[in-house]
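**Q** Sequence lines, in order, name chains A and B. Take the first sequence: its letter number 140 is residue 140 in this note's numbering, and every next letter is one higher. Take the second sequence: its letter number 85 is residue 85 in this note's numbering, and every next letter is one higher.
Please note: incorrect hints may appear among the correct ones.
[Stated by the list, open to error] Sample of chain B residues facing chain A (criterion: CB under 7 angstroms; computed from the structure):
(1) Gly25
(2) Pro26
(3) Glu70
(4) Phe120
(5) Leu122
(6) Ala124
(7) Leu127
(8) Lys128
(9) Arg130
(10) Gln133
(11) Gln134
(12) Arg136
(13) Ile137
(14) Phe138
(15) Arg140
[Unchecked claim] No more than 16 angstroms apart at the CA atoms, straight line, and that leaves these computed lysine to aspartate or glutamate pairs for EDC-like:
(16) Lys121(B) - Glu120(A)
(17) Lys208(B) - Asp160(A)
(18) Lys168(A) - Glu131(B)
(19) Lys76(A) - Glu131(B)
(20) Lys76(A) - Asp132(B)
(21) Lys135(B) - Asp160(A)
(22) Lys126(B) - Asp183(A)
(23) Lys118(B) - Asp183(A)
(24) Lys118(B) - Glu38(B)
[To be verified] A few chain B residues that don't get close to chain A, going by computed Cβ distances all over 12 angstroms:
(25) Leu54
(26) Lys82
(27) Leu194
(28) Leu215
(29) Ile250
It should be emphasised that the hints constitute simulated quantities derived from the structure, not laboratory data. None of the values given here were measured: they were computed from a predicted structure. All residues carry an ideal CB built from backbone N, CA and C; glycine is no exception.
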Amino acid sequence: MMEKKKSGQALSTMAILEAALFLSHEPLSLEKLRQVCEVTHQEIRESLEKIKMELEKEDRGLVLLETPQGYQLGTKPEAAAYIERMFFEEEYSSAPLSRAALETLAIIALKQPVTRLEIENIRGVKADGVIDNLIKRGLIRVTGRREALGRPILYGITEDFLQYFGLKDLAELEALKKLWLNDTVFPGVGETK
Amino acid sequence: MSTLKIIKKDGERDRYCVKLPVFEGPFELLFHLINKEEVNIWEIPLAKITEEYLLYLQSMQELQIDLAGEFLVMAASLLYLKSQLLLPQPPSFSPEEEVEALFFGSKEELVRSLLEYKRFKLIAAKLKEREDQQKRIFLRSPALPRVIIVNRQCSLYPHDLESLKDALQQIKKKNVKKTEMISLPEEIPFSHKLREIVSRLRKKGFFKYYLDDFLDKKEKKEIVLTFFVLLELAKRGRVSLQQQKIFGEICVLPLN
Numbered sequence: 001m002m003e004k005k006k007s008g009q010a011l012s013t014m015a016i017l018e019a020a021l022f023l024s025h026e027p028l029s030l031e032k033l034r035q036v037c038e039v040t041h042q043e044i045r046e047s048l049e050k051i052k053m054e055l056e057k058e059d060r061g062l063v064l065l066e067t068p069q070g071y072q073l074g075t076k077p078e079a080a081a082y083i084e085r086m087f088f089e090e091e092y093s094s095a096p097l098s099r100a101a102l103e104t105l106a107i108i109a110l111k112q113p114v115t116r117l118e119i120e121n122i123r124g125v126k127a128d129g130v131i132d133n134l135i136k137r138g139l140i141r142v143t144g145r146r147e148a149l150g151r152p153i154l155y156g157i158t159e160d161f162l163q164y165f166g167l168k169d170l171a172e173l174e175a176l177k178k179l180w181l182n183d184t185v186f187p188g189v190g191e192t193k
Numbered sequence: 001m002s003t004l005k006i007i008k009k010d011g012e013r014d015r016y017c018v019k020l021p022v023f024e025g026p027f028e029l030l031f032h033l034i035n036k037e038e039v040n041i042w043e044i045p046l047a048k049i050t051e052e053y054l055l056y057l058q059s060m061q062e063l064q065i066d067l068a069g070e071f072l073v074m075a076a077s078l079l080y081l082k083s084q085l086l087l088p089q090p091p092s093f094s095p096e097e098e099v100e101a102l103f104f105g106s107k108e109e110l111v112r113s114l115l116e117y118k119r120f121k122l123i124a125a126k127l128k129e130r131e132d133q134q135k136r137i138f139l140r141s142p143a144l145p146r147v148i149i150v151n152r153q154c155s156l157y158p159h160d161l162e163s164l165k166d167a168l169q170q171i172k173k174k175n176v177k178k179t180e181m182i183s184l185p186e187e188i189p190f191s192h193k194l195r196e197i198v199s200r201l202r203k204k205g206f207f208k209y210y211l212d213d214f215l216d217k218k219e220k221k222e223i224v225l226t227f228f229v230l231l232e233l234a235k236r237g238r239v240s241l242q243q244q245k246i247f248g249e250i251c252v253l254p255l256n
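Can you build the whole structure from these sequences, using the hints too?
**A** Here you go:
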């Protein structure tokens, strides 16, 4: 697809998008990309899809990430060890979430909005510390209060949660939730190990 | 997860060397014990599991590990279930009141809780996989593109005479109060503070910080030192520093 640009250079939308994504250090929204390229949403989406497929080839080192804020380029997970060796003195990683935090997040993601007591009942352990930490990390937030005895606080996940786990939007989470629920249906029999 | 191991060392006067896996909560422990039995979850040998559960609590106590209350509630719940199955029920028996404080009142409830717990344990593992995957993707860090964006609204100097006068008065006010001598402190060496800040940034991950977050005592010396350390980190490309307006808060963004 050829596009006449102001500079007079003929460049495909795909090439323009690639250039913009290459330079950007934050996600670029579909809307912004559309405005700059002066084409339709549809065309942007198609071009992004093409870039994504192109990058999936074995001899490419990048991935196109879809985040709640838009699109961004990242390095392929398989390249992680090399990137670390190249740019970081020691093995690089920010602290991963604890098991308790992950279990709590799993419950909140599936059952939101959910109260602290409901979380504690499932895990059998106090949850206040974990919840505080998750709020500080910005992965969950208070979404309101349940109109019940004591008006308990309700918790839900945030946009940062989606980003942290590499999810594009709530729809993607919903699809994943269905998958998870199917995977974790336990028939009454055959529950060994 | 390793299993409960009790190894008796010979000839050492009955001294036990106990290796205990760490359990997050009573459900995790119970789940582990049931898994070890390799039985259908609907056919849990309650007597055996209860016994093993209590044995585990006992070894925890022997090792003087602080037992969280929940572990004891679970023990009580299991014993209650066991007693219920052993004793004939009086016709007028209504367990609701007694059961309230326990985790479950019937074997069916126990199984349901365990399955619910198992579900979220599995989903947590799936989240973990995604987390690992995401952590292995690197993004362009804000420091890399050599594009300097100049904020035209932000000027280093006040524009008019009035604001100049205000600024001067502010400085005067400060000078009157603060006559304390500043020299770089020897008590908190530079490298010490540097390590402290780096480990703090690493532990917490990528958030926005303010200069104040790194101060413990808020003394003038410490502020100066911290400021120098942050400048050094910025020079090394570990953090990015932002200040919206002059004398405004300094915002610290860790870079990967």
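**Q** Hint by hint, where does the structure go against what was stated? Just the numbers, ascending.
**A** The structure conflicts with no hint, since it agrees with every one listed earlier.
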